[in-house]
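Now for the letters of each chain:
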Amino acid sequence: MIEIENLCKSFTLHNQGAAVLPVLAGAHLRVDPGECVALTGASGSGKSTLMRMIWGNYRAETGRLQVAGLDLTTATPRQIIALRRARLGYVSQFLRVVPRVPTLRVVAEPLLALGQPEPQALARAAALLARLNIPERLWSLSPTTFSGGEQQRVNIARGFAHPFPVLLLDEPTASLDAVNRAVVLDLIGEAKARGAAILGIFHDEAARAQVADRLVDVTGFTPARAA
Amino acid sequence: MESAQGRIWTRKKPEPEAGPLLLVEGLGKAWGARIGCADVGFDLYPGEVLGIVGESGSGKSTLLGCLAGHLPADAGRILYRGRDLRMMAEPERRHLARTEWAFVHQNPRDGLRMGVTAGANVGERLMAVGARHYGAIRATATDWLGRVEIDPARIDDRPRAFSGGMQQRLQIARNLVTGPRLVLMDEPTGGLDVSVQARLLDLLRELVREMGLAVIIVTHDLAVARLLADRLMVMKDGRVIEAGLTDQVLDDPQAAYTQLLVSSVLQV
Numbered sequence: 006m007i008e009i010e011n012l013c014k015s016f017t018l019h020n021q022g023a024a025v026l027p028v029l030a031g032a033h034l035r036v037d038p039g040e041c042v043a044l045t046g047a048s049g050s051g052k053s054t055l056m057r058m059i060w061g062n063y064r065a066e067t068g069r070l071q072v073a074g075l076d077l078t079t080a081t082p083r084q085i086i087a088l089r090r091a092r093l094g095y096v097s098q099f100l101r102v103v104p105r106v107p108t109l110r111v112v113a114e115p116l117l118a119l120g121q122p123e124p125q126a127l128a129r130a131a132a133l134l135a136r137l138n139i140p141e142r143l144w145s146l147s148p149t150t151f152s153g154g155e156q157q158r159v160n161i162a163r164g165f166a167h168p169f170p171v172l173l174l175d176e177p178t179a180s181l182d183a184v185n186r187a188v189v190l191d192l193i194g195e196a197k198a199r200g201a202a203i204l205g206i207f208h209d210e211a212a213r214a215q216v217a218d219r220l221v222d223v224t225g226f227t228p229a230r231a232a
Numbered sequence: 020m021e022s023a024q025g026r027i028w029t030r031k032k033p034e035p036e037a038g039p040l041l042l043v044e045g046l047g048k049a050w051g052a053r054i055g056c057a058d059v060g061f062d063l064y065p066g067e068v069l070g071i072v073g074e075s076g077s078g079k080s081t082l083l084g085c086l087a088g089h090l091p092a093d094a095g096r097i098l099y100r101g102r103d104l105r106m107m108a109e110p111e112r113r114h115l116a117r118t119e120w121a122f123v124h125q126n127p128r129d130g131l132r133m134g135v136t137a138g139a140n141v142g143e144r145l146m147a148v149g150a151r152h153y154g155a156i157r158a159t160a161t162d163w164l165g166r167v168e169i170d171p172a173r174i175d176d177r178p179r180a181f182s183g184g185m186q187q188r189l190q191i192a193r194n195l196v197t198g199p200r201l202v203l204m205d206e207p208t209g210g211l212d213v214s215v216q217a218r219l220l221d222l223l224r225e226l227v228r229e230m231g232l233a234v235i236i237v238t239h240d241l242a243v244a245r246l247l248a249d250r251l252m253v254m255k256d257g258r259v260i261e262a263g264l265t266d267q268v269l270d271d272p273q274a275a276y277t278q279l280l281v282s283s284v285l286q287v
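Those sequence lines, one after another, are chains C and B. Basically the numbering used here = 1-based index in the first sequence + 5. Basically the numbering used here = 1-based index in the second sequence + 19.
Bear in mind the hints are in silico, worked out from the structure with no lab data behind them. On a predicted model such as this, the values are computed, not experimentally measured, just so you know. You may find that some hints are simply not true.
What the hints assert, rightly or not - So the derived list for chain C, only partly shown, Cβ under 7 Å to chain B, looks like this:
#1 68
#2 82
#3 85
#4 89
#5 90
#6 106
We put the beta carbon where it would ideally sit given N, CA and C, even for glycine.
Start from the sequences and build out the full structure, keeping to the hints where you can.
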């Protein structure tokens, strides 16, 4: 579901003397349905860059990057929007939502965007929030005022609301307590069982050991930098 | 929840049509020897939000003015549902502007009638598309004032008595009440409190989704662009210098000017 071959990425900083920063070289990776692959490597080695390229956030330049059947090196914005709506889910570390939208709606939004009837979408959102132990009295409030752990759980609920065939998880258990961490690991296990292809970054090694089928060390894709 | 309020849309989500709602090709407008905008092209489908960003004088307002028919373009084509607006007779274009389009001005005074009440400002648009039942018009106007967070008790006040932010919210209510297909917005959230801005952004997103509204929003606020627009066009000196997926343009800008624009903002 994710196929990457010889993917390279560099940033050209036009306003800083046109400095070119190579950040990824010769990356290759494959994630099949029902499989969870974890990216490893030290900070700055390019895990997040690779993840953001797969999400379509960073432009893919050279090489091959195929996600759920779409070639991201040639895809139009409209195709990437459609991919994200139906086939590619992303749980980022940061919650970026319109302030003042109630949490229940924030979580239901991906389903509403797919045209699901509102009662059904809200029911699904409520079930996920309950499972992730977000107290019901918070559901009508905007998550922008929540604690870090609560925001992360809202993000997770939003990412798992629709059964995306491909899921990207950036540190999904980072600021969670043991109970909620277990819930998230169960959700990941269930997604794998239904055939989702999952790519994750987990600094939580025990969590990684529990859900990941394979590790890919991105240090191998870090370009040698001129000092 | 919102849906329980029973909205009175005059138009349901339209059946999907084959082509884009709006197709713009080679659009240009000169101010004497100076370029207003040049060689602008894009397409827009129902349910899409296109953001246009750039600094003052970049041509974004000129472009919006040409699209809306407020300014005559010198070159190119503007196809709305397959028909060239530049070839359309004035009465027909005015009819479209009243029924299928909405234009939200940067300055609410340009989009409101300051001498009539808030309720009349909203109700007038409904009457222009054929609503005649006073009770229903007033109920819809009341509902819309609530949605843009104007106390419905102020329905009989004139906009002159409103703050700038309230006037802008009223202008948006006036424009959206008839359920247009295409909404053009020029810096619509500029003068608003951040919290009201957020409520409006949410309202707009909901309308886009539920009614298949297509929106073109000119803004210099990159945070607004990120939250609202699917795609972004960056303009400089009258030309589009970069276009693409909103978060890609903001997080991985390619053009030197876009990099400068993005890096000048603290956090978007």
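Status of each hint after checking the structure:
1. 68: Where the cut-off is 7 Å and the nearest Cβ of chain B is about 16 Å from residue 68 of chain C, the hint is violated.
2. 82: Since the shortest Cβ distance to chain B is 4 Å, the answer is holds.
3. 85: holds, 6 Å
4. 89: Constraint on residue 89 of chain C not satisfied, violated at 9 Å.
5. 90: Because about 10 Å separates residue 90 of chain C from the closest Cβ in chain B, which is outside the 7 Å limit, the hint is violated.
6. 106: holds, 5 Å
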